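Make a model of the complete structure from these sequences and hints.
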Amino acid sequence: MPDTMQSDAAQPAVEEPNIPMPMLAARNVCVSYSGKQALFDIALDIPQNQVTALIGPSGCGKSTFLRCINRMNDVIDGCVTSGSIILDGRNILDASEDVVRLRQKVGMVFQKPNPFPKSIYENIAYGPRIHGLANDKAELDEIVEVSLERAGLWQEVKDRLDQPGTGLSGGQQQRLCIARAIAVSPDVVLMDEPCSALDPIATARIEELIDELREKFTIVIVTHSMQQAARVSTQTAFFHLGNLVEVGDTEKIFTNPEDPRTNGYITGRFG
Amino acid sequence: MPTDAHIVKSFTAELDRLTTMIAEMGGHVEAAIADATTALRRRDSDLANRVIEADRTIDQLEAQVSAHVVRMLALRQPMATDLRTIVAALKIAGDLERAGDYAKNIAKRTLILNQSPVTGPVSGIANLSQMVSAMLREVLDAYLAGDSKVAEASRARDEVVDAAHTGLFRELLTYMMEDPSTITACTHMVFIAKNLERIGDHATNIAENLVFQVRGEHLEDRHAVSGPGSES
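Chains as they are written, first to last, in my numbering: chain S, 1 to 271; chain D, 1 to 232.
Just so you know, these hints were derived from the structure itself, not from any lab.
Fair warning: there could be bad hints in the mix.
Sample of chain S residues with no beta-carbon within 10 Å of chain D, all distances over it, derived [as the list claims (entries may be wrong)]:
#	residue
1	I86
2	N114
3	T166
4	A197
5	E207
6	H224
7	Q227
8	F270
Taking lysine-lysine pairs in the DSS-like style, the calculated list, with each CA pair at most 25 Å apart, reads [unchecked claim]:
#	chain 1	residue 1	chain 2	residue 2
9	S	K105	S	K36
10	D	K149	S	K252
11	D	K91	S	K252
12	S	K137	S	K105
13	S	K137	S	K118
14	S	K118	S	K105
Being a predicted model, the structure only gives us computed values, none of them experimental.
Glycine included, each C-beta is placed from N, C-alpha and C at the ideal position.
Next comes the structure, spelled out in structure tokens:
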């Protein structure tokens with residue numbers, strides 16, 4: 001890629017005086033899998049306490065980008081990442097970055113609910129315990145209760161905390177996973193298609209939850225549902241063929257996008 | 001009109017159907033204005049009655065557009081250009097329905113005028129009617145072509161229409177002062193002129209909705225000075 005294009009790509013999201021510092025600032029992020037480039041010079045700011053939706057057709061790179069944010073791509077053989085993502089003044093893509101510490105600051109919720117095959121209590125308590133966030137049982141109990149409360153699950157499970165998390169319904173399991181993710185007090189919560197395995201009611205609960213969680217956390221969500229992106233997010237980024245085509249206020253993207261490719265995708269005209 | 005088709009072909013077909021319905025409504029409204037004016041000029045009560053009768057078709061078409069829009073909003077959950085096209089169509093149908101009502105009002109007043117021996121300055125009304133019809137035709141052609149450039153031109157034209165309406169109003173006042181026996185007839189003519197002027201406003205609204213549909217922008221509200229008298 002020629003140098004001129006690199007500098008172009010780095011430009012669009014540079015801080016302007018009236019915009020607060022973003023929670024995450026990605027610049028020149030390139031990812032390739034075994035030599036095949038999957039992301040090209042992504043420059044994207046993720047604002048604090050906002051919900052950023054990443055949309056785009058399958059294979060556009062949105063999940064790849066999401067997985068960069070907590071270095072999930074590290075485990076894939078042949079995956080090479082370059083560029084920078086600044087969180088708390090540190091480039092989290094730097095080889096010296098402590099990935100365990102990073103994943104405490106950046107939690108993740110996956111497409112299919114994946115509770116540990118342990119009790120509901122242990123599902124939540126595991127993370128805070130290994131990160132040493134609680135000094136005693138009482139503090140741990142409180143973290144479990146607050147996390148489940150925030151995930152809107154407390155009332156439903158408070159009398160059966162010792163039962164297996166896998167025994168809950170799909171929607172409850174997903175909320176358990178969200179509670180687990182937020183139990184370690186992350187700055188950012190990543191969600192990769194968190195509702196695709198859920199029915200509309202459970203989906204609505206998760207969406208309501210996302211809206212509430214925004215007060216405490218910065219959320220990045222990948223979704224194939226345009227309606228979901230429109231409902232839950234404040235900022236939307238459209239990816240196509242590994243490029244970030246357009247990013248802007250969700251309302252603007254879904255009513256009057258600038259780029260014809262964005263319009264084509266969200267109106268279902270993509271050839 | 002969006003140029004390229006949806007992956008789901010029936011969605012494109014439904015949007016096309018919406019445009020067709022608007023075009024059909026527009027055709028009926030243009031005919032109603034022309035016929036109402038002809039009925040006035042020729043003192044043709046049969047034609048006036050047909051205009052009144054034909055307004056039902058326009059109302060029915062508007063109801064069909066509304067139902068179609070509600071259905072598309074519910075079933076297609078349209079976004080971006082599609083959403084704007086659908087919302088604009090709903091509003092444009094509303095404007096056309098109102099324009100049709102004004103044509104019907106003109107026909108109704110024509111029936112009354114035809115019962116009295118005197119009629120005021122009909123040629124002024126016919127001129128105003130022609131200006132307004134041309135304006136509406138231009139806007140509807142632009143709608144079918146998806147051309148938003150018409151909006152500014154339409155606003156300029158509307159100012160000319162407003163000026164013509166004001167002139168006509170003064171002319172009618174002069175008639176009434178000179179010959180009080182024309183007051184009844186001329187008062188009806190004042191309302192007819194006002195109806196035509198209002199049709200011009202609706203044509204401008206349509207042009208503005210077209211701008212919203214094509215460019216996603218709301219033009220700034222214009223505070224056009226309306227002529228004297230009011231009838232909604």
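Against the structure, the hints come out as follows:
1. I86: Holds, since 32 Å exceeds 10 Å.
2. N114: holds, 30 Å
3. T166: The claim holds: T166 (chain S) sits with its nearest Cβ about 34 Å from chain D, beyond 10 Å.
4. A197: holds, 21 Å
5. E207: Holds: least Cβ distance 15 Å, greater than 10 Å.
6. H224: holds, 14 Å
7. Q227: violated, 6 Å
8. F270: violated, 7 Å
9. S:K105 to S:K36: Violated, at roughly 30 Å.
10. D:K149 to S:K252: Distance of about 22 Å is within 25 Å: holds.
11. D:K91 to S:K252: Answer holds: K91 (chain D) to K252 (chain S) is near 21 Å, not above 25 Å.
12. S:K137 to S:K105: Distance of about 23 Å is within 25 Å: holds.
13. S:K137 to S:K118: holds, 18 Å
14. S:K118 to S:K105: holds, 23 Å
Hint compliance for this structure: hints 7, 8, 9 are not met, and every other hint is.
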